[in-house]
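Throw the hints in and build the complete structure from the sequences for me.
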Amino acid sequence: MRLDKFLKVSRLIKRRTLAKKICDAGRVLVNGRPGKAATDVAVGDEIVIQYGNKTVTVVVKRLADNPRRDEAASLYDMVRVEPRAGDVDEEFVDDEAETP
Amino acid sequence: MDPAEGHDVHILARREIEVTGVERLERFDAAAFLISTRAGHLSVEGKSLAIKAFDRQAGVIRIEGEIGALIYGDHRRAARWGRLGR
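Residue numbers (this note's numbering), protein chains in the order written: chain A, 1 to 100; chain B, 1001 to 1086.
BS3-like mimics (lysine-lysine), calculated; alpha carbons at most 25 angstroms apart, straight line:
#  : chain 1 : residue 1 : chain 2 : residue 2
1  : A       : 21        : A       : 61
2  : A       : 8         : A       : 20
3  : A       : 61        : A       : 14
4  : A       : 20        : A       : 5
5  : A       : 5         : A       : 36
6  : A       : 36        : A       : 21
7  : A       : 36        : A       : 8
8  : A       : 14        : A       : 36
9  : A       : 8         : A       : 21
10 : A       : 20        : A       : 36
11 : A       : 14        : B       : 1047
12 : A       : 36        : A       : 61
13 : B       : 1052      : A       : 61
14 : A       : 8         : B       : 1047
15 : B       : 1052      : A       : 21
16 : A       : 14        : B       : 1052
17 : B       : 1052      : A       : 8
18 : A       : 8         : A       : 61
From chain A, some residues computed to sit far from chain B (all C-beta separations above 10 angstroms):
#  : residue
19 : 24
20 : 38
21 : 63
22 : 86
23 : 87
FYI, nobody ran anything at the bench for these hints, they're computed from the structure.
Beta carbons: idealized from backbone N, C-alpha and C, even for Gly.
Structure representation (structure tokens):
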């Protein structure tokens, strides 16, 4: 599955525009290497997302094309969340209410 | 060693909670977090909850938001007041 699609269906990123933008800005690593929006992700891959206000690390657990809202978080295992040191980069904050 | 050793919970001014001895973050949303800890499943309920920090390796999670309730998995919620009434 495409990286930007996975970020969307898992609700790790709520806004489709941000999903693509954050990938193309090189702020999403897949198994340690910067991923592009079209990078293919598979179960077991480690994804690190450098949001504007925090860094989140997850492992892909399941792929599903359109999971129900309450199933979205079951597509990945949460591994680490670190508040971002220094100032917040508003451009890459996923500001919808219930981001992880 | 008591399995619950190293599992502590700190609530700070009812708007942040730190839990140690965390094994896995099972599920979470803005209203509830289900965490498996050395001392069993713990659910933290509240309003606009969000992860402030989490390190699965260190087994520590910090959640911010308005803390409402903490319930360990094996504790039957319904029984809590029944016995007091008799």
